[in-house]
Each structure stands twice: as structure tokens, then as C-alpha cells.
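K.L.:
Residue numbers (this note's numbering): 1 to 507.
To be clear, the hints were calculated from the coordinates, so they are not data collected in a lab.
All clues stand as given, with none of them false.
Straight-line Cα separation of at most 30 angstroms, DSSO-like style, residue types lysine-lysine; simulated pairs:
#: 1; residue 1: K182; residue 2: K218
#: 2; residue 1: K278; residue 2: K320
#: 3; residue 1: K501; residue 2: K2
#: 4; residue 1: K182; residue 2: K240
Each pair of labels, with its calculated beta carbon distance range:
#: 5; residue 1: S94; residue 2: K320; range: 41 to 47 angstroms
#: 6; residue 1: N491; residue 2: S161; range: 49 to 55 angstroms
#: 7; residue 1: S123; residue 2: H26; range: 28 to 34 angstroms
#: 8; residue 1: K339; residue 2: N404; range: 33 to 39 angstroms
#: 9; residue 1: L463; residue 2: D201; range: 38 to 44 angstroms
#: 10; residue 1: S423; residue 2: L463; range: 48 to 54 angstroms
#: 11; residue 1: S465; residue 2: K339; range: 38 to 44 angstroms
#: 12; residue 1: N404; residue 2: L467; range: 45 to 51 angstroms
#: 13; residue 1: H26; residue 2: E382; range: 51 to 57 angstroms
#: 14; residue 1: Q257; residue 2: D386; range: 26 to 32 angstroms
#: 15; residue 1: D489; residue 2: Q257; range: 39 to 45 angstroms
#: 16; residue 1: E7; residue 2: N371; range: 27 to 33 angstroms
In this text, all values refer to a predicted model and were calculated from it rather than measured experimentally.
We put the beta carbon where it would ideally sit given N, CA and C, even for glycine.
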Amino acid sequence: MKTILSEIRGAKLYSISVDSTPDISHVDRLSCVFRYVLNDGPIERFVQFLSMKGHGAEDLFNSLYSFLEEAKLDIKYCRGQSYDNASNMAGKYSGLQARIREKNPLAEYVPCFAHSLNLVGASAVNCVTTVSGFFDFVQNLYVFLNASTQRWELLTKGLDSNQLVLKRLSDTRWLAHSAATKALSKGFKNVKTVLENIAEDPEEKVEARTTAPGIAKKMDQLEYGILLELWTPILDRFHKTSLKLQSPQLDLNEAVQLLTSLKEYVNSLRAQFDFFEKKGKEITGSISYKEENQRKRKRSVQLTRHDGSADETVFSPQQKFRVMVFLPVLDHLNSALCKRSEAYSGVCDKFGFLRNIRSLEQSDLRRASRNLIDTYVDDLEESFEDEILHFKEYLLADTYLQQNEKELKCSIELYMYRPLRNSSALQDIFPNVATALHIYLMLITNCSDERSFSALKRIKNYLRSALGDDKLNSLTVMCTESDILRSCDFNEILSDFVERKCRKMNF
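Using the sequences and the hints given, assemble the complete structure.
P.N.:
What follows is the structure, encoded as C-alpha cells:
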């Protein structure tokens, strides 16, 4: 803890992220994570679980502000904050982020990218009834086969070696849908065969034998086949993007670029209905839609003011599925991604030019740097305008960057920052450029507190439900920040322990 707080004070500027969860003894724990920049780049550290008196924004702010004062961390040096999308955290007028900005207007709020992406997918599932029914079917299929060890053994034996066992859906981690659809898509025909064998097995219970044919019949529906083939690649892209968005090394411009590319990918699928229909027919073996196999009641059209019959647009089952299911899902995903991306536009307008310094005109660089100077009056000097123009020429003369830009293992912003931080000569020439890059890299882009929740569950389990707060915080820091633990001088720690626990009295 002392090492982490010392690093934060040394870095001066920092970002914060908090999130709460109940532990096994039903006590709410407010996890606190700091992000700051050292010589090698940005670092995110768990500090401790803060005490909570309530879930209101004021209670959260009081807990956080009290800790900052105790740790001697001045809130005026806070330059960023990131939370999930709950109103008590992200509320624009009375949430935690608003109360912190009352104390420090420069504490830029960046919504958690991973949480935002999770909400995008969850809302798309509920926008169409057919899609909701499809995911209910996926969950019911897993529940049915997993409810019996005998049925699960039949499933595992029925799958090929390169196929995945079925996965359950998750209410909190929506992207767990990706593993569920991927497993079902790979082993679709084998799973169907297992269900048919269960239905014909006289040793199975009557309930299982009657349920299996109903589930297998749904696997014959072309609509579900199309949805399975549609959602599998979409969820795979969402899942991999979400994993990248959770990386502590991710910077803001790259995160926005990932969201934009995901939006363009989803939009490109609108013209590929025939492709997904073909794959749906291949996997289900059905060539007709469910509606084609049902009797239809002829609709009675009443005349209103005009003579003659009213024209009614009649869709074929294929057109109806495309217009009422396929396109609405993609459009909802696209619009939700656009809406979530807008939340980052303000921050990107300020710092987006840093990625394109070499290609921007001098007038554009002056305008962007002036905007940043006006925002961070206490951090940047007036000479930043001329510095950024000089720094552009410095980058253009960097032959290593020109030849190896595509092979860089870090973002271009971090590549620019490292020599400025590690070379005192360059830092003297470009002090404001170094500060601008420092602020940008320090902005937190995801709510990393959930990583500490996993440690909390391992440390405070049912065997240690009465674990004290101090010991819980110490063990969690040791677990989550093991690299610092390995670098500690244990001789000093042991000496301190001996002095505190020694019972020998000197007279």
C-alpha cells in the first residue's frame, strides 16, 4: 500500500475508478483503483476496499473523498474518472462523477468501454421477440442437458474432439453469450443427435423423453439457424473487442477506434442476409420458414372512406423475417454503438490530434493545441503551440518510427511519451508535449475494479467470512499487485514485524 501511494504521489496526476459489490457476509465493498503514468507507461493499481454507508452518490463521494484525504492525495491532481453506467456513478448532474467535478472540473469522466459494450448487446437481444426466444432456447438447451449427469455424459461423448461443450448464458456478463452460441454452432448436428437419442432411450425418465423432442424440433427451425449463424460472428467480435477494451494498456483513441470499427462491421452485415440464410439452411437442414408450414387466416380489410378494396403489402416469410428480425437487430446494434460512441466525442476532440500529429497541418495543430491549453490552464503553458509544431518535425525525422510503425508493440502516443519521460534533455525541450501526453495516457478507459472482485471472492470465502477489513485489504493488495510484493524488501518487513510483536521488555 505504501509503495503504491508513493508511486501515485510521485506521478502527481492520476485517474480513479470505483465500483461496489457485496461480499459473502453481505457487506458492500467499494473497490478503488488508481491509474497513473510512470516511465514505461500507464499503470492501474488496486488500493483498497473503501467503507460504504449507502449506495447514493453522496455516500460514495464521501467515502472516496475521505480516503483521498487520509492518503494525502490532493483531488486537484485528479484528471480522470471512469465508472459503470449506473446513475449513482455516472449521473451527469448528481452522480459521483458530477460531485467530483464540482471539486475539480478537470477530472474528465470517461464511461467504461467494456460496460458500454455490454449494454449495447443486452439491449439488442431484447429489441425483437424472436431473438429473445432464440436465446431462451439456447439457455433451456443447456439447462436440460446439464440437469442430469447421464444426459451430460451423452453430450460429451456425442461431441467430436474439436467441438466445445455447451455453455450457459449469464445475466451479468452478457458477452458469455459468445461462448454459448459458438459451442452450439460448432456441435449443432451432434447435439441434435444426442437429443434424438434421449427421446428414444427407454431408460430415460418420461419427462426427459417428452422434453427432448420439443427442443430438437426447435433446432429444425430455419429462423433459429439463421439467428445462430448471425449471432455467432457478431458475439465473437464483441467478445474479442471487449477483452481488448479491458486492457490497462489501452488508450482512449484506440478504444474509440475499436468501437468505430465494430460499428462499421455490424453495418456491413445488413447486405448479407442471403449468406446467413444459406448457412442457416445448411445447419438446420430446413429450406422453409416456420410461417410457411402454418395455416393462415385471411385478414378482413374494412373499407373506410373510399370505394374498392384497400391495398395491403404482403410479405413472404423470407421478407418478413428479414424486415422484422434480421434488419432490426443490426440497426439496433448500430444505433446503440453510435449512441455509446457519442459519450467519448468530447474527450476525443481534445486529445484525438495526438495520434495524427505528423499528418495534420500547422493551422490544425495550433487550433487543437490552443483548445487543450484553454482546458488545462494549470498544466500547459502558452508555448505548447510552438512546441507541438517543433515536435511534429522531430517525429518526421524519426527514421525508426517511419520504418517500424506497423510493428510497434504499443500505441503511437505511448511511443512518443517514453523518450520524453526518460530523457531529461528531450523533456527540457518539449515539457508541455510531455505533460499533454501524460494527461492523455492517464485517462482511464475501463472500470478495472471488477478484477478485485474475483480476488475478494477467493480471499473472503465462507471459511473466512469474519475476516477483518484491514486484513482483507492487505491480502487483496498482495493478491492483485503481486509484482510489487515480489519487489519488496522482506528483511525490512520482518524487522518491522519483530519490533511490533516483541514481548521482551527492556528495563
